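Visitor: These two chains come separately, so use the hints to put the complex back together.
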Amino acid sequence: DQQVKQNSPSLSVQEGRISILNCDYTNSMFDYFLWYKKYPAEGPTFLISISSIKDKNEDGRFTVFLNKSAKHLSLHIVPSQPGDSAVYFCAAAHGSSNTGKLIFGQGTTLQVKP
Amino acid sequence: GAGVSQSPSNKVTEKGKDVELRCDPISGHTALYWYRQRLGQGLEFLIYFQGNSAPDKSGLPSDRFSAERTGESVSTLTIQRTQQEDSAVYLCASSLVLSTDTQYFGPGTRLTVL
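Just so you know, the protein sequences line up as chains A and B, in that order. Quick note on the numbering used here: the first sequence kicks off at 1 and runs consecutively. Quick note on the numbering used here: the second sequence kicks off at 115 and runs consecutively.
A few of these clues could be false.
The calculated label-pair distances, taken between Cβ atoms and stated as ranges, are [claimed, not checked]:
(1) B:Q198 to A:D55: 41 to 47 Å
(2) A:E15 to B:K129: 42 to 48 Å
(3) A:Q2 to B:N124: 25 to 31 Å
(4) A:S8 to B:N124: 27 to 33 Å
(5) B:K129 to A:A41: 21 to 27 Å
(6) B:T184 to A:N67: 41 to 47 Å
Derived from the structure by calculation, the hints contain no laboratory data. Remember, predicted model here, so these are calculated numbers, not experimental data. Quick reminder that beta carbons are idealized off the backbone N, C-alpha and C, glycines included.
Only chain B is shown next, with the shape it has when bound in the complex (with noise of 0.2 Å):
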């Protein structure tokens, strides 16, 4: 079946652009996960949601960063007025249920703010 997939799959932006990212999770899945990676840095987490409860952002680096799900479907990570820091590969998860041991990741969206 299909697995996560994240688009676009690049995108380079200008320092001060907003933009936006999208995943859509394993159908059926109404866990998703957001997590970046910074150059020469493990995975950080940002965010995740599971169903209908209100989503987890305490790793969400600053209020330029914010993330919607519909239902338990696409969801989308939009940064605003972006900087240079911001730069990084966003991996979007999914899992069944919340869980530890069973995120399924996407190939993710490599972001370069010039």
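In isolation and in its complexed conformation, chain A is listed as follows (with noise of 0.2 Å):
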């Protein structure tokens, strides 16, 4: 039972433009999310998280929605650059009960091209 769902294994954009990554869950219990970034042969790198209360948070150049009736999240990176070449892991938690313990969906590859 895949709890987090990342419905498109690949994604490629040119540099410059928007790269829109996405993330379904089923479980309406999570309420907290969160995108890691993971280059070959490293671990996942934290990126971005937003809690349930919010529908959107920004760092940078990187953005996460929320919309929480649709069970959906997104994660916009403007402008793309190479270096944002990467798998990328959307996670969710029963923040609340503080525990650690993160469901991962399966990745989607971002490539950007030059």
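Guide: Structural data, given as structure tokens:
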């Protein structure tokens, strides 16, 4: 039972354009969402997060949007840069339980072409 | 400072053998987590340790899997009688306290069971 789904395994965009990565979840108990970025042969690194009390969180070129009614979140990268090429994982948690247990999606491989 | 380190980086073993994977967390981090990523799938939570509290073992897939942590230092994940479906990248993460957004991941151990 995949509680967090990233339905697009890959995405290719041109440098300077917007990258939009999508994530859907099924468990309405999730109240905290995160995006991690992973380069080959490295562990994932935390990118940005959002609590369910908000619908948007912005950090530089990265913005995460949360649509609770649709159980959907997205990561926008503007403008995209070649160094953004990596695998992006969406993750969810019962933040209020503070267990640290993250449920991850399958990942989306982003390629930003120069 | 030093990040989370894992050893070995790669492990090839024969079906039925036992393997031991090691994780060195960031110094001072009280919480330590193990995840695995099978091919084409997202990261799957296995277990976490928080200080001297009882670990949360709810993600361990079978009784062939076990993990130990000595104080707030090194952790080992042991898989007994390995099966081919155990082939995956095993990732360790640590955080200062039990948390959902500040987990720092190691590079992982790629386990291949022949």
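Visitor: Against the structure, test the hints numbered earlier, and report the numbers of the ones violated in rising order.
Guide: none
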